[in-house]
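Asker: Chains as they are written, first to last, in this note's numbering: chain R, 1 to 615; chain B, 1 to 284.
Note that these hints are calculated values from the structure, not bench results. Hints may contain errors.
Unchecked claim - Simulated pairs of lysine-lysine, DSBU-like, Cα-Cα distance not exceeding 30 Å:
#  : chain 1 : residue 1 : chain 2 : residue 2
1  : R       : K301      : R       : K601
2  : R       : K512      : B       : K19
3  : R       : K359      : B       : K7
4  : R       : K95       : B       : K117
5  : B       : K117      : R       : K115
6  : B       : K19       : R       : K476
7  : B       : K3        : R       : K476
8  : R       : K505      : R       : K476
9  : B       : K3        : R       : K512
10 : B       : K108      : R       : K434
11 : R       : K584      : R       : K496
12 : R       : K476      : R       : K491
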Amino acid sequence: MLDVSEIQTIDHDVVVIGAGGAGLRAAIECSAHGLSTGVLSKSLLGKAHTVMAEGGMAAAMGNVDPRDNWKVHFRDTMRGGKFLNVWRMAELHAKQAPDRVRELEEWGAVFDRTKEGLISQRNFGGHRYPRLAHVGDRTGLELIRSLQDHGIHRGISFHMECTALELLKDGDRIAGVLAYWRETGRFVVLRTKAVILATGGGGKAWPVTSNSWEYTGDGIAMAYEAGAELMDLEFTQFHPTGMVWPLSVRGILVTEGVRGDGGILKNNKGERFMFNYISERFAPETAATVEEANRWLEGDKSARRPPELLTRDEVARAITAEVKAGRGSPHGGVFLDIASRRPAEFIRRKLPSMYHQFKELAEVDITKEPMEVGPTLHYFMGGVRVDADTQESTVPGLFACGECAAGLHGANRLGGNSLSDLIVFGKLAGDGAKQYVSGLAATPRPTDDQIKAGIRRATEILNRDSGTNPYLLHGKLEDTMSRGVGIVRQKDELEKAVAELEALKVDAQTMKAPGASQYNPGWHEALSMRSLLVTSEAVTRAALTREESRGAHTRLDFPGESAEWVKYNVIVKRGASGEMVVEKRPKPEGPPQLVAIAHAKIEDLEAGKVGADVT
Amino acid sequence: MAKRSFKVWRGDAKGGEFKQFEVEVDSGMVVLDVLHRIQAHDANDLALRWNCKAGKCGSCSMEINGKPRLACMTRMNVFTDEETITCQPLKTFPVIKDLVTDVSWNYKQNKRIRPFKPRPREADGTHRMYQEDVDRVQEFRKCIECFLCQDVCHVLRDRDSKDAFVGPRFMIRLATLEMHPLDTDDRIPEIRKEYGSGLCNITRCCTEVCPEHIGITDNGIIPLKERVVDRFYDPIAIIGRKLFGIRRRTKTLAEEGAGGSSGSGSGGGAGSAAGGKAKEEGET
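Assemble the whole structure, with the sequences as input and the hints as a guide.
Answerer: This is the structure in structure tokens:
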């Protein structure tokens, strides 16, 4: 029988799970507060999904257009999120992002500069002013490397290639994490007073995604199993521009920066179709003609923004509609053209990774030809429900920040708000964990039984004589999610997906990975499948519950936003007997001053007729 | 679709051998796709690292037909139809399993390097830097830490002088800090003594394999070597320091010649001139 005393044990005050932007920023804050801090990362340090972020991080510094300020950023975020965002989170984010960006510079980040020598800012979808601090189109790499190079000197313990399996509790409280080293397959128990989840989303449940293998919803699933509430999971963002060809790179991201820097979308008739998809909400702030959009590109501040820079949900739906109407590109996307809009030298300087990526993977020279692009599953707006100021979940001692937390983005995230989300709420989660740990009377400890059960669940997969191939099971899951829970959804398809997921859960009970536990990707895949299945089921059930179309959640059977549904969040949690419970819960109303800013006409906000009393 | 032959090294620290796989390959595939297909169908436990699949994270480094490359950026159509494609782990680092090596040595080198130390902010709370002054540093910061340069570096690979030289990746990290307009620290003495700048003999193999096309040798290592030479081997500067205690951060010939312009091409002429000077350092 398994002897728990023989399992490696590491003690920390706080364990951060995930070493992307949010996890590293949280760990730096914990360490600055004097907490013994451990970071678990599934990959090597510096390889997390954050490196794939391209366009930039949104912060209303006003370096390029002095009319920008936190209120405009807040208003853009709420409107982009279709008013489902947690008011306080959108406020904190807009207010604190500039300081967090400047802090990165203090830690060695080298952003592109304005002529005056300040941090340059670029245009992006849904942001009224040029707002994204950036480094060409590799901003995520700059963010992660700056945090990494700063963090390694802060006394943080980095546990690389170490995967968290389950959260351990002492009564209601967090007491530890059960994990395993990928290299050896050995288990490790991290005893800790608090856990900060920074595990990102679960895009790997879909076949066409910009997400890497790591994005299996581990944090969402672990939090759910530990009893935490999840929120807004029906909102899965399809980024409008992923590569569509060659097949092997289908889904890989093409930054919104291409459109921010002047790129336009065309169908196979050469039409700039986005002018046909401008919704009422954005019409007053969007160019009505090609001529006006072109003036905007030339820097005319009286011209309105081109419709290619509408929010991601609107652009993704427009592309899907064009393809469906038979006006798509040869490989089932549309054309994204910057070659005819900007000189080759400009494109190579501002979009070097895109140039490189298309040249090497698709043999397309984007300075000469248009790119073929189509929607790709990119981001989870929903995740673990947290307190806005402390990022604490409904389980004491369990915190979440970054993509795996819900609230900031509402029904749709604006591009550039993710990187700023990581650093703003990563820091706040660190502060929250410090506050929690300081208030603990005694150190919570997990029981041996929990540890033994967790290890048994993981090793069964290796010990079985035969069973389901986890890779093939993953393929089936992708198939279910793409057919049933895609960009456009409806009741019967969602119900069918739920039924299929139930069947897949049964198959998953008998997964078998051949080989030993040492660096065994088949075993890792099987363990990730457990997280993916919980996450996929939560997304599907939430999508079935929300009977309206809002932001990234589009229901064919319930078109349009409903005035009733904006008052509710969909909450998912584990029921008393282990079943998944879905609840339609009233959303707290925002403070009147913030509500007024979010709904104000931009002219009134800027003239000080609204919001002048808020600081 | 066509069947292609793959030879993949399988084994661990104790040893191993190449295993042959015949795989269906579709048009547009890269080597990583084929390895994933092998993993899904023929060898579930084949160990390899990958993340972004777009050349941005530097995880899938391996030796493909003898050359250090990223598997995700190596298209299958660069090989002839009959060619057998051989995949093996990076040779410079110890094997963990199959195509996965223990690269932790690199993380230890990074930790040895003293961190960024900025000058105080300006009165308005900002740092002012001009684009032309950060172009070179931004070139270095494109590094995705794939460690292909470390793999191909003769000093690390053949002579196994890992204790004496930090390797091209960390020379570039040091160059980033030394050329950062805001940094106030001085790492030139360690660059010579502890990080082993003199051991690089400028064969430029690292530059050739860099998937980010960073001018590692000409734009990074040679200017660092020059700074070392100026500090420790320039008789006038030495007398000046002895008499007046002057220790200024000198701009090197290569940097003055390059005039702050970006791109790996610009360092070419200055680089070869500097090569002689840097070689002098190598021989001391």
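Asker: Hint by hint, which ones does this structure get wrong, listed from lowest number up?
Answerer: none
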